[in-house]
Amino acid sequence: MIIEPVWFLYGVAIPLAIALAIVWALSRGRDARAGGWPTVGWALGIGLATFAALLANTGLPPWKPIESTHWLVIAVAPGALLVALLGAWKKVPRPLLMALRVLVAAGIAPVLLQPMLRYSWDSPEATAWLSGLGLAALLIWGLMHLHMTRHGGVAPLFVLGATAAGVAACTVMSGSITAGQLAGSFAVGLGGAYLATLKSKSLTHAGPAMTDAVVPVLLGLLINSWMYSWRMEHEPWAPRVVAVLFAIAPLGLWAGRLPAFQKQSEARKTLLGVCVTLGLIALALGIAGYEAYLRSQANTYDYY
Amino acid sequence: MTRSARMFAVLAALSLTAAPALAEQWEVDASHTAVIFKVSHMGASNQYGRFNDVTGSLTTGDAAAFNFTALTESVDTNNAKRDDHLRSPDFFNAKQFPEISFSGSSITPNDEGMELAGELSLHGVSQPLTVQLTKVGEAENRGGGKRIGLETTFTINRSDFGMDQMIGPVGDEVTLIISFEAISK
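Protein chains in written order, with our numbering: chain A, 426 to 729; chain B, 6 to 190.
It should be emphasised that the hints constitute simulated quantities derived from the structure, not laboratory data. Ideal Cβ positions, reconstructed from N, Cα and C, are used throughout, including at glycine. All clues given are correct.
From the structure, some residues in chain A lie toward chain B, with a derived Cβ separation under 10 Å: (1) P487; (2) S493; (3) T494; (4) S545; (5) G600; (6) S721.
Just need the whole structure built from these sequences, with the hints factored in.
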């Protein structure tokens, strides 16, 4: 893999600045709990920054998507706009929001896994995979949304960004630079938004829209990397275990909310949750790293 | 020759010329087939690879048709780690696009062998392609029937098929050498 200094400018620094500027400008002096402009800022900031990083990393995809990664690139900007519009419309009917979430959660796998449906899975297998992945997506999304609604804070954004960075690192280690760059671009967008939260106290209650803008894209990136990129032949169970670890990693935040830690301060609860998340990510990277080490033994090929 | 005999001879000749060319079906013998590709590496050297799992069929005559398929999963460059990288979304994206196929219905025999015009489908993109197959030779099968050897070399740009990652370190232009034996069915 060849990384030139200019790549850091276009692929990291500029997208990071875009997210930071948009989130900060649209949220400054406003209470994010009320929805409206701060929500628009979140969605647009993360979405446009990710799109900018993707352009720098992988280039503009064809108008007619050829492969599943194109769907992700194409979906990021309009997805962000949709979340932004819903955020600007303060009194969105709750059933409409719920229906949209269920629709998106159920739709991620069928859109991204078309080739699996065509070439690899028979009907019972496809039904099991799609319903399982759809339910898992809905559960993870719902739990992150609940955490955001109940406890607020910037920790959810941090753990989601860390998970995206972990998926990116794992994917580059395990077979595909392109798919890794996709996840990395998203992590950069989240990083910029996170930096904005450090600048603005009003953003510490970013609101549920943040999870709506982030969780489905992250799950799409994870499914895409797992199904098409990861090569971990030495231990057949490794890809599934690594995928599950990444999927549940953001939910580690709930560890601090267990009854055993009820008397702890808010900061300690959050710290514990973040540590559990980072531990799960580290475990997943450890397995992927071990696989990469085994593959690199007596093989000098270095991805270019 | 009597008048009726002459008339019969003329009718027979006419019927022969008007009759459709006899269709002959051929199947690619995978054990005597090679699909080899060559691509530049960093401008320093040419790297060679092959596809080990290839199938195909050819029908000559009026119902001319051909179909050749190589499985992307079977790519082999004599380096397992590089093969995995080639199967990844950076290149062939083998799980999404398990096959490379060349099919069509235009077969034009000529002095050297035959010209095939059809569509090459690679990485989810189809492009028209015409190749000249040169006849290497032919032989009688031990179990009966014929065996014919054909070969072609042509060049494509992988970016025309959406395979545009890492162009520079890995060349855009890919030369393919396909050599196969087909057995009459």
